[in-house]
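Engineer: Sequence:
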Amino acid sequence: MSGSRKIQIDMPCGVFYNLFNIILDLNGTITVDGGFVEGVVGRLKEISEIMDAYVVTADTVQTLDQLTDQLVEECGIKIHQLESGRGDLQKLAFLEELGRDETVAIGNGCNDALMLREAKLGLCVIGKEGASIDALMASNAVFFNICDALDILLKPKRMIATLRK
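In our numbering, the protein residues as written are 340 to 504.
Honestly, the hints are just simulated from the structure, not real lab data.
One or more of the hints may lead you astray.
Calculated pairs, EDC-like style, for lysine to aspartate or glutamate (alpha carbon to alpha carbon, straight line, at most 16 Å) [claimed, not checked]: (1) 384 / 487; (2) 345 / 404; (3) 459 / 349; (4) 417 / 404; (5) 494 / 473; (6) 345 / 385; (7) 345 / 440; (8) 384 / 413; (9) 384 / 349; (10) 384 / 408; (11) 384 / 490; (12) 417 / 440; (13) 417 / 385; (14) 467 / 487; (15) 345 / 487; (16) 459 / 436; (17) 496 / 349; (18) 504 / 404; (19) 459 / 435; (20) 494 / 468.
When you get a sec, could you build the whole thing from the sequences and use the hints?
Structural biologist: Have a look at this one:
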């Protein structure tokens, strides 16, 4: 929970983001067809230096084993693998364990919608696999590319421009 690493953003509309954690969906969010989206690895390294970063996945396309070393060793990401069953409820439970008010969640699927809705900041990535309507409607902001979603955290003025009222 609350460490010294965080992103703080004071929005002009009175909303304050004090974010310690980031939860990222794997398939369709940071990877496509089993490989990392171009440019995402460098951004994940940057993010993990300023926040506690987690990938949550049911490993639908069974590529986690080949990506684990790069995620953990190179990017500093922790992995939380889901059990079979309701992935949406498991992702929500993991968010609650970390603290919903200090966590940003990024995803694209139906099983991400609860997590996106309940996180302090929920970001949806459409990407090459598309995004579910549930994920879109549950999010604070929507991006075509994961790199753009991560950049809004790395360059907070972009978030102010997008989310101010």
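Engineer: Just pull the numbers of the violated hints for me, sorted ascending.
Structural biologist: As far as the earlier hints go, 2, 5, 9, 12, 15, 18, 20 are violated by this structure, in ascending order.
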